[in-house]
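Trainee: The primary structure of each chain is shown beneath.
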Amino acid sequence: MAQSGFQRSISKDRILTTSSPAAANAADPLASVDALVEGLGSVGYIASRRIATALFMAVKLEKPILVEGSAGVGKTELALSTAKLLGLPLIRMQCYEGLDESKALYEWKYGKQLLYTQILKDRMGEALADAPDMDAAMDRLHGMGDLFFSEPFLEPRPLMKALREEAGCVLLIDEVDKSDEAFEAFLLEVLSAYQVSVPELGVIKAKTSPLVFLTSNNVRDLGDALKRRCLHLHIPLPEAALEERIVAARVPGIEAKLTRELVAFVQTLRTLDLRKSPSISETVDWARALVLLHADSLAPEVVRDTLNVILKFEQDIGAVEPQVVELLHKR
Amino acid sequence: MQHTLEQFFRALRAADVKVSPAEAIDASRAVAVTGYGDRTLFRDALCSTLAKSADEVDRFEGVFDSFFSRDAVAMPPRSASDQGEPSAEDMAATESSPLAQAVLQGDNARIQQSMEEAAARAGVADIRLSTQRSRLTRRLLEEMGLEEIERIIANARRMPNGEGQGLADRLDEARRNLFTEAQQYVARQHDLYAAGSARELREERLARKQLNADGGVDPVDYQLMQALVKKMAKRLATKYARRRRAAQKGHLDVRKTLRRSMAHGGIPFQVEWKVKKIDKPSIVAICDVSKSVAAAAQFLLTFLYSLNEVVDRMDAFAFSGRLISVNDVLDDNAVEGAIFKVLQEIGFQQTDYGRSLQDFAEQHLESLDRRTTVIFLGDGRSNFADPRLDIMRQIHDRSRAVIWLNPEPESYWGQGDSVMNRYARFCHVAKQCGTIEQLERIIEDVLRSYVPH
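So the protein lines, in turn, are chains V and Z. For what it's worth, the numbering used here labels the leading residue of the first sequence as 1, then goes sequentially. For what it's worth, the numbering used here labels the leading residue of the second sequence as 1001, then goes sequentially.
Treat the hints with care, as some may be off.
List time: in silico SDA-like cross-link candidates among lysine to any residue, alpha-carbon distance up to 20 Å [claimed, not checked]: (1) Z/1256 x V/150; (2) V/103 x V/258; (3) V/60 x Z/1024; (4) V/60 x Z/1309; (5) V/312 x V/204; (6) V/227 x Z/1029; (7) Z/1274 x V/319; (8) Z/1274 x V/108; (9) V/109 x Z/1260; (10) Z/1256 x V/60; (11) Z/1234 x Z/1315; (12) V/178 x Z/1309; (13) Z/1256 x V/156.
Label pairs and their computed distance ranges (CB to CB) [said to hold, decoys possible]: (14) V/201 x Z/1116: 32 to 42 Å; (15) Z/1410 x V/98: 39 to 49 Å; (16) V/98 x Z/1385: 45 to 55 Å; (17) V/123 x Z/1268: 12 to 22 Å; (18) V/241 x Z/1032: 46 to 56 Å.
Hints listed in this document are in silico derivations from the structure and should not be mistaken for laboratory results. Every residue gets a Cβ at the ideal spot worked out from N, C-alpha and C, and that includes glycine.
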């Protein structure tokens, strides 16, 4: 269960862990799983041990990590927080249908290439003027070296950038399930060997392996080949206690009583058969809305008025609205 | 410990969590990092390397818990009368059998150890079928040295004046307890390692079962069938999702143009256009749910449902007397609910193929084009009504391919009220499809070679 929160909100059990041996080397968040939980907490992400373990393994085994879970449980947030914690640059690549390697990997700088050809043409006569015959001219031409497809003309895209970060980086490949299967296959080389082959240049290999996060909403099943190369982490919806901590952390100034009430209400909603159950981001948005409205407890009218913040489908709102009072009493 | 991990991978595979050698290596590396000290850490580390979906995580946790919980042998305490240390005579009489001594002393740890060693010798972990359980229990007990105990009991009973009687009774009771323990041990091993193979067996049998036989599919096998059919439908869908046509779009492909122009000193006189792969195959599936296919209707509808899940552009129809579009029903309901609703709405009436084809022609014939594949699922029995071959011909002419999957064997086609042989003339593929195995074969071979591209 992955949540974010401000440090000041972190409750007692965190203070308890502070006194554990792991805290002794808090300077190095990668020393142990506990230290990692701690570290993530300090950058505003309240992670369960399972999340921290997966992340820990990803770093130690240098493997990409595939994060699954419904929308709004904090998948992307995990990558952002990790980058912050480790002090590494974050390179983000949003996937979509039709994404191809010229957008993901590299592109040539066509304008500059054109200019280069012009210069080459101008200089060519000069350079070859004193060649006695055609063969010699050709030899000299070969000797000049071909700069046309070379690094200076390369425009790196996210994947290439990530591989060329000398000190490593966090690479976030967001919503990989939205990309085509062909692109998924193309990712395999990057993910398993941290290298790419550019036909004109050869293989480009990362000096320091980037820490790769892939996120997926299960729009389609990912291929086994891709899954096999990744560690798997599934982030479920949080339990009430954890969700309260998150809300308290994310919405400063919210009353404890209101937090408890609204989390309990959202948890009840999740037991209903809805098209889209509210996830953590919806809970947080709702809490913010209620704070703005100066509500200090959940009254049925307030809930009805703000239902559109947590429910995103007309049918869902229609189904829940009549039973608001009932649901409020249920908890 | 490596051996234990290997055993654990086996148990996972049996529970249908795919563990490839590469994953096994990763898991071992992960364990090398975490060590064995912290159980949760150990579990989470293994879990993140081995389980690759939420479903597999659940199964992983089940297997982990039962595999790494050492259920100690719990021999019932000896009866109150002989509390305390066993007498010296008893110990002397059982000298030849360490097991008997352990039993008499109530040393559960030693019994446990001896049972595990014996299990390794007897090969209990190789259990495949539930019927092997009693034989393996017997072997396990033999390996533990039960024979020796039995011999001691027999000797004790033969002793004069019944002075060995007490010992014999105690050992006899212990023997019964041992037997129960061994049985439970073997049962646990069976659950761990053989659950998967039993499923494989069921899948195999199910694949060959005639689905239009009386009673259709067993409710027990129903979920299994859904999973199998879904796999098939997905295969079919990917076959169609192959990129088939490349259309030229009006975008200049600068990169290619430049590369080509290099040969002419950078003058781009051969222009390259961006080629976009267009791939929008569509499937129209028409499913017969009338009385004559009642038994197979569930199978056909399951296939229809799975197809609808995996194919983006699909129009589904069901008919018996009349034909209706069932897209909405399939989209909005879970599979059982959807099938039930379709059958409720239109199922089990008198078949009228002609009427239904006419309905189809009115509603949908317009939208058939050369990218459309039409799949009929039905027996082609029309109750002697006009089969409307003219409409069938139109469908054939307009669409890319017409595929007819018929639950009846080919020898029945054209018998009685079947007009299947006449419809078959307008199909690119018409095949019997009464079992999941046949469905698989059709998808594998027939579509590849018969369907025009």
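Trainee: Each of the hints needs a verdict: does it hold here or not?
Mentor: Evaluation of the provided hints:
no.: 1; hint: Z/1256 x V/150; in the structure: holds, 16 Å
no.: 2; hint: V/103 x V/258; in the structure: violated, 46 Å
no.: 3; hint: V/60 x Z/1024; in the structure: holds, 16 Å
no.: 4; hint: V/60 x Z/1309; in the structure: violated, 39 Å
no.: 5; hint: V/312 x V/204; in the structure: violated, 45 Å
no.: 6; hint: V/227 x Z/1029; in the structure: holds, 18 Å
no.: 7; hint: Z/1274 x V/319; in the structure: violated, 49 Å
no.: 8; hint: Z/1274 x V/108; in the structure: holds, 16 Å
no.: 9; hint: V/109 x Z/1260; in the structure: holds, 16 Å
no.: 10; hint: Z/1256 x V/60; in the structure: violated, 42 Å
no.: 11; hint: Z/1234 x Z/1315; in the structure: holds, 16 Å
no.: 12; hint: V/178 x Z/1309; in the structure: holds, 17 Å
no.: 13; hint: Z/1256 x V/156; in the structure: holds, 18 Å
no.: 14; hint: V/201 x Z/1116: 32 to 42 Å; in the structure: violated, 58 Å
no.: 15; hint: Z/1410 x V/98: 39 to 49 Å; in the structure: holds, 44 Å
no.: 16; hint: V/98 x Z/1385: 45 to 55 Å; in the structure: holds, 48 Å
no.: 17; hint: V/123 x Z/1268: 12 to 22 Å; in the structure: holds, 21 Å
no.: 18; hint: V/241 x Z/1032: 46 to 56 Å; in the structure: violated, 34 Å
Of the hints listed earlier, those the structure fails to meet are numbers 2, 4, 5, 7, 10, 14, 18, in rising order.
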